[in-house]
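**Student:** Taken in order, these protein sequences are the chains called A and B.
The opening residue of the first sequence carries number 1141 in this note's numbering; numbering runs sequentially from there.
The opening residue of the second sequence carries number 72 in this note's numbering; numbering runs sequentially from there.
None of these hints come from the bench; they were simulated from the model.
Possibly wrong hints are sitting among the right ones.
Calculated pairs, DSS-like style, for lysine-lysine (alpha carbon to alpha carbon, straight line, at most 30 Å) [unchecked claim]:
(1) Lys1243(A) with Lys1287(A)
(2) Lys273(B) with Lys1358(A)
(3) Lys232(B) with Lys1363(A)
Here are the computed distance ranges between Cβ atoms for each label pair [stated by the list, open to error]:
(4) Glu1353(A) with Glu260(B): 22 to 32 Å
(5) Gln204(B) with Glu1354(A): 46 to 56 Å
(6) Gln1213(A) with Val310(B): 46 to 56 Å
(7) Asp1389(A) with Tyr87(B): 47 to 57 Å
(8) Val244(B) with Glu1354(A): 25 to 35 Å
(9) Glu1321(A) with Glu125(B): 38 to 48 Å
(10) Asp86(B) with Glu1354(A): 54 to 64 Å
(11) Glu227(B) with Ala1205(A): 38 to 48 Å
(12) Gln204(B) with Pro1390(A): 27 to 37 Å
(13) Asp288(B) with Arg1178(A): 36 to 46 Å
By construction, the Cβ of each residue, glycine as well, lies at the ideal position given by its N, Cα and C atoms.
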Amino acid sequence: MLKYKMYFKPKTLYQRLNSLFRSCHGESREKPSFDRIRFIQENTEISTNHMTPEIKLHLITPRCALWDSTADQCPVSDPFWAFYWPGGQVLTRYILDHGIVVKDKSVLDVGSGCGASAIAAAMTGARRVLANDIDPVAATAVKMNAKLNSVNLEISTDNLIGQRLHQWDVIFLGDMFYDEEFASTISDWLKTLRQSNSSCQILIGDPGRFSFEEHPAKSLLHKVAEYELDEVCRRENNGLTLGGVWSYDPSRTTK
Amino acid sequence: MANLRILVGVKRVIDYAVKIRVKPDNSGVVTDGVKHSMNPFCEIAMEEAVRLKEKKLAKEIIAVSCGPTQAQETIRTALAMGADRGIHVEVSGKDYENMTPLHVSKILAKLAQEQEANLVILGKQSIDGDNNQTGQMTAALLDWPQATFASEVTKENEHLKVVREIDGGLETVTVTLPAVITADLRLNEPRYATLPNIMKAKKKKIAKHKASDFGVDLGSSVEVVSVEDPPVRQAGQKVESTEELVAKLKESGVI
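Pulled out of the complex, with its shape left as it was, chain A reads as follows:
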């Protein structure tokens, strides 16, 4: 069993936030010599069996050995990139169906996971796309997935959450409200983003998770689309049936 953990002392507030972010996302327990490309090739299959069949993705599917493994048996600690999250699926579907939202725009996909939403943005004519995920294995997976779909993406593993960013026209948050504490960190950040760039459009995909539905920030969102999850997605996400795409729009509610 591969076991490797990084420890670091949080000193500044930024580092503390960073450590919270990492603990939320889970550190990779891979060894430094770990061959990520080989791991992905050997443990996933290329799948179009999801709500955006236009996009090919390396995913752990029921045909892969790891599908039935326990969390302890999996050599990487949080292979969130290996599953196509329902919030990510509906957001990506929305982008493919409404390419105008990203056409000629600069797009940032935060917590990009497998990179599907970023790939969809690149496919529908975004000027510039950055896929951002702090998990280095996810970064490798995104690179491989981008290649599969013949698109060019910028990839970053920096923790951008909390930072003042003003260079993005559109920001994606696919299924990032899965953790209550993290949901609050993100909703605070949404305010900051809006202050840095008032014209920035923030799109959120979520399948009705408790930490999203009950979050106070939800009153600042409005639903732009809703999709029924397909059967494969429902099977991968016990109990979930619908996914919504939301736009962060504080001005709309105050009107």
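Keeping the supplied structure of chain A fixed, place chain B upon it in accordance with the hints.
**Tutor:** Here is chain B on its own, set in the frame of chain A:
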């Protein structure tokens, strides 16, 4: 109706496949170092709740477990099966050994009210205590209708129609909501939690409480006097022919 909030009780018990050993002092059974898992009837209760959510009859499932720290593993399993959040009522040491269905019922009844649940689904009994009391007492404490030993649950207008397994056949009842249902063996076949569900369940919230938070005194009026192994089966005899069998039976006075 489509907005059911379901409270499901999940108990951590010695795994059904483990051979039970009685402690040498006859005070109970050996639990240290023994494999535990979710009580099979609780699994069935949990599965039924997820199916109601998948039919869009429920909006939220809360999994509750009363027990030591390890009860959280059982709650995690419920979260992977499709519960939205968990509540762990920590009861350990002597308190846990003395805990009876009445204590659990009082906690569940209080929780059902606090959480504004309109349906409580429990297993008909646990495979360790075999008491078959918790569901009935919870319903009594809440003054809610109960449908025990359910083998089928369907929605009928604003009621739930429940088919019950009774001696000699089946009984169909309808209950108004809120209600308590206990699951029998044939209600459904519970799903296994696969890696994607386990991974996504990792970040679901488990709230921690003590029994005293619900004003429940864990003092017990029941004392276990002795726990003993069932009598060892007497060795049998092999016979060569039916004639010999009949002769032996006659000899022993059975026929």
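**Student:** Run every hint past the structure and note whether it holds.
**Tutor:** Here's how the hints hold up against the structure:
1. Lys1243(A) with Lys1287(A): With Cα atoms ~21 Å apart, Lys1243(A) and Lys1287(A) stay inside 30 Å; holds.
2. Lys273(B) with Lys1358(A): 23 Å, holds
3. Lys232(B) with Lys1363(A): 35 Å, violated
4. Glu1353(A) with Glu260(B): 22 to 32 Å: Once the Cβ atoms are compared, 29 Å apart, the range 22 to 32 Å for Glu260(B) and Glu1353(A) holds.
5. Gln204(B) with Glu1354(A): 46 to 56 Å: 33 Å, violated
6. Gln1213(A) with Val310(B): 46 to 56 Å: With Cβ atoms ~50 Å apart, the hint holds.
7. Asp1389(A) with Tyr87(B): 47 to 57 Å: 52 Å, holds
8. Val244(B) with Glu1354(A): 25 to 35 Å: Given about 34 Å between the Cβ atoms, the range holds.
9. Glu1321(A) with Glu125(B): 38 to 48 Å: 28 Å, violated
10. Asp86(B) with Glu1354(A): 54 to 64 Å: 35 Å Cβ-Cβ, so the 54 to 64 Å window is violated.
11. Glu227(B) with Ala1205(A): 38 to 48 Å: With a Cβ separation near 44 Å, Glu227(B) and Ala1205(A) satisfy 38 to 48 Å, so the hint holds.
12. Gln204(B) with Pro1390(A): 27 to 37 Å: Roughly 52 Å apart at Cβ, these two residues miss the hinted range, so it is violated.
13. Asp288(B) with Arg1178(A): 36 to 46 Å: 59 Å, violated
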